[in-house]
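Those protein sequence lines, which keep their order, are chains L and R.
If you count the first sequence from 1, position 122 lands on 121 in numbering that gives the first Met the number 0, and the numbers rise without skipping.
If you count the second sequence from 1, position 323 lands on 322 in numbering that gives the first Met the number 0, and the numbers rise without skipping.
Do not take every clue at face value.
Listed next, the in silico BS3-like pairs over lysine-lysine satisfying Cα-Cα at most 30 Å (straight line) [stated by the list, open to error]:
id, chain 1, residue 1, chain 2, residue 2
1, L, Lys2, L, Lys202
2, R, Lys50, R, Lys237
3, R, Lys345, L, Lys118
4, L, Lys83, R, Lys50
5, R, Lys123, R, Lys82
6, L, Lys18, R, Lys50
7, R, Lys295, R, Lys76
8, R, Lys50, R, Lys123
9, R, Lys3, L, Lys120
10, L, Lys67, L, Lys118
11, L, Lys127, R, Lys345
12, R, Lys295, L, Lys21
13, L, Lys208, L, Lys29
14, R, Lys50, L, Lys118
15, R, Lys17, L, Lys118
16, R, Lys345, R, Lys105
17, R, Lys64, R, Lys53
18, R, Lys209, R, Lys238
19, R, Lys295, L, Lys120
20, R, Lys295, L, Lys83
21, R, Lys295, L, Lys126
22, L, Lys67, R, Lys384
23, L, Lys127, R, Lys3
24, R, Lys3, R, Lys17
25, R, Lys106, R, Lys209
26, R, Lys384, L, Lys21
27, R, Lys17, R, Lys295
28, R, Lys209, R, Lys123
29, R, Lys228, R, Lys64
30, R, Lys209, R, Lys228
31, L, Lys83, R, Lys3
32, R, Lys384, L, Lys18
33, R, Lys295, L, Lys67
34, L, Lys126, R, Lys3
35, L, Lys2, R, Lys384
Chain R regions said to be covered by chain L (calculated; three or more residues, Cβ under 8 Å) [as the list claims (entries may be wrong)]:
id, stretch
36, 11-22
37, 303-311
What the hints contain is simulated information worked out from the structure, not anything from laboratory work.
Keep in mind that this is a model prediction, so the values were computed, not measured.
Where a beta carbon is used, it is the ideal one built from N, C-alpha and C, also for glycine.
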Amino acid sequence: MLKIIDVHKNYAVGPTEVKVLKGISMEVGKGELLAVIGASGSGKSTLMHMIGLLEQPTSGDYFIEGEKISYDNDRVLSTIRNRKIGFVFQQYHLLPRLTALDNVGVPLVYRGMREPEIKEKSMVFLKKVEMEDRARHRPNEMSGGQQQRVAVARALVGNPSIVLADEPTGALDTRTGQEIMNLFRKLNEEEGITIIVITHDHKIAAQCKRQVEMVDGVIVQSSESRVQS
Amino acid sequence: MILKANITEALRSLVSAKQRTILALIGIVIGIGSVIGMVSIGSIVQNEALKQFKDMGVDIATVRKDSGEKGSEMALKDILGLKGRGDVTEVAPYLTSGTEYGSGSKKMFMEQMGVTESFFDLNKIVMKRGRRITDLDAYRYFCVIGTETEQFLNSAGTPDPIGSRIALGDRIYTIVGVMGAVSEGGMRPYGINRSVITHITTGTRSFQSKEINTFMVRLAGLKAAPEVKAEFQDYFEKKSNGLRVSVNTAEELIASMKKQMQLFSLLLGAIGSIALIVGGIGVMNVMLISVTERRKEIGLRRALGAQQMDIQAQFIIESVTLCLAGGIIGIFLGIGVSLVFAKLSKWEFLVSYGSIALGFGVATAVGIFFGYYPARQAARLDPIKALRS
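Build the full structure now, drawing on both the sequences and the hints.
Shown next as structure tokens:
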């Protein structure tokens with residue numbers, strides 16, 4: 000499904016070069032629920048941006064569903080991002096002027112889909128995250144947990160190959176955060192959706208089927224865990 | 000559809016920043032307004048000028064004695080003697096003198112004119128009631144009046160002025176006819192609508208200024224102005240001891256009107272362009288602020304699959320929407336200005352549809368031109384940096 004081979008990423012900070020990713024290789028299979036765990040500055044966010052095609056690696060190869068990614072065409076990259084990747088962010092990042100329903104539909108707008116079809120599909124996914132009664136609400140009329148549910152629906156609406164969640168519980172209290180994790184587990188188990196959760200929280204990571212730990216730009220440990228419910 | 004979604008999004012964004020939107024609009028409104036006003040007023044003026052020439056024909060010329068010449072005068076018999084000579088098919092000498100009529104708060108300035116019968120034909124004056132002045136009225140105290148004069152007399156207590164007498168200066172005239180309203184200016188003498196007209200021979204006896212210094216002619220066929228002028232110059236030099244005259248032909252008048260119109264258009268066009276540039280810079284500024292404020296949104300949209308082109312289109316559509324809104328208000332403003340202009344000058348008001356199309360076209364062009372740079376900035380943002388901001 001997803002294969003990374005010896006990826007490096009360097010940033011130029013003034014005259015010096017900072018090495019953020021130092022030769023990462025990993026593979027993610029279909030239907031996985033994977034946690035990438037690491038302290039801040041470990042390079043896990045950069046890794047996620049790279050997996051999400053928002054960042055171009057300095058060197059190394061990246062394959063999605065067997066297709067090698069090339070970074071020279073914005074149109075192709077945007078289309079892959081639109082069709083194969085769903086993002087969930089720590090700060091939800093819903094558009095403030097749009098209703099929950101319209102927020103969910105944004106990825107479909109960029110597929111040139113017609114409005115009635117977008118609304119219909121968005122509603123299906125709002126139901127999946129149990130937010131259908133908030134369809135007409137704007138983000139400022141919803142709690143953090145509710146906004147994150149809408150964001151999850153937005154990540155799923157385009158039927159992506161993989162969902163990338165960057166600290167999805169980071170801005171939520173423990174209970175609401177747990178609800179989001181439960182939602183991820185349910186979606187993974189019942190619908191076989193591939194999810195990568197980036198977190199610094201070991202309790203969150205422990206709920207995923209597999210954990211990859213990053214320290215200082217390299218993967219130090221990969222382990223399987225039994226998920227306790 | 001992306002386009003529809005972009006337009007809805009543009010409207011949402013513009014409405015959410017009302018104050019800024021309105022400030023940006025003002026420049027565009029003034030710019031488009033003056034362009035539309037310019038074109039509309041231009042077509043109103045042109046229409047009015049054409050109307051006069053359609054009325055009277057373009058084969059008319061006015062001959063005036065050059066001012067400042069003392070001693071020699073144009074004699075009535077010499078002027079009348081021109082008829083039939085060369086290309087002259089009709090001559091209409093006239094004499095004007097002003098006088099105040101009435102007393103107290105009810106006063107009117109009337110134009111006293113002395114004319115020959117041909118004056119009515121040359122100026123295409125149609126009688127509303129009664130008869131015109133004919134050459135049989137020579138030396139007699141009969142007169143016809145213009146519509147404004149009639150209105151004044153009506154308000155002064157003379158419901159039907161025909162047959163009644165009017166005292167002007169130290170003479171009393173009997174009113175025998177009322178002329179229909181005419182549009183003045185162009186080749187027509189001013190003041191016909193507020194005139195009291197008698198025969199020219201009566202005028203030379205009783206008016207305060209008794210000198211004939213103007214006459215109109217109709218020419219067979221169009222002739223170049225200098226040629227016509229030379230002919231008349233020659234004639235009067237022999238007849239009246241070196242008298243100098245100036246000649247204005249309709250053709251010349253049209254040419255000078257066109258020149259004035261061009262100048263007028265140029266002036267308003269310059270004002271309009273400057274306002275449009277200033278307005279466009281205002282729009283650009285607002286768009287740049289909008290891009291900065293919405294960096295996070297841009298980053299998010301990029302993450303969700305928007306191409307650079309999509310982001311660019313979104314912001315260009317927003318700026319075009321802004322300019323079109325300004326354009327629509329500007330079009331109404333411009334039409335309003337030309338309506339006021341037409342009312343004040345008592346000219347026929349007309350809307351030129353070409354100018355409305357021009358307004359929309361210019362507004363769109365300004366939107367695209369001044370929206371391009373901010374939109375390009377937005378499209379080129381690094382999605383990650385934009386998301387983090």
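Hint by hint, where does the structure go against what was stated? Just the numbers, ascending. Failing hints, ascending: 2, 3, 4, 6, 7, 10, 11, 14.
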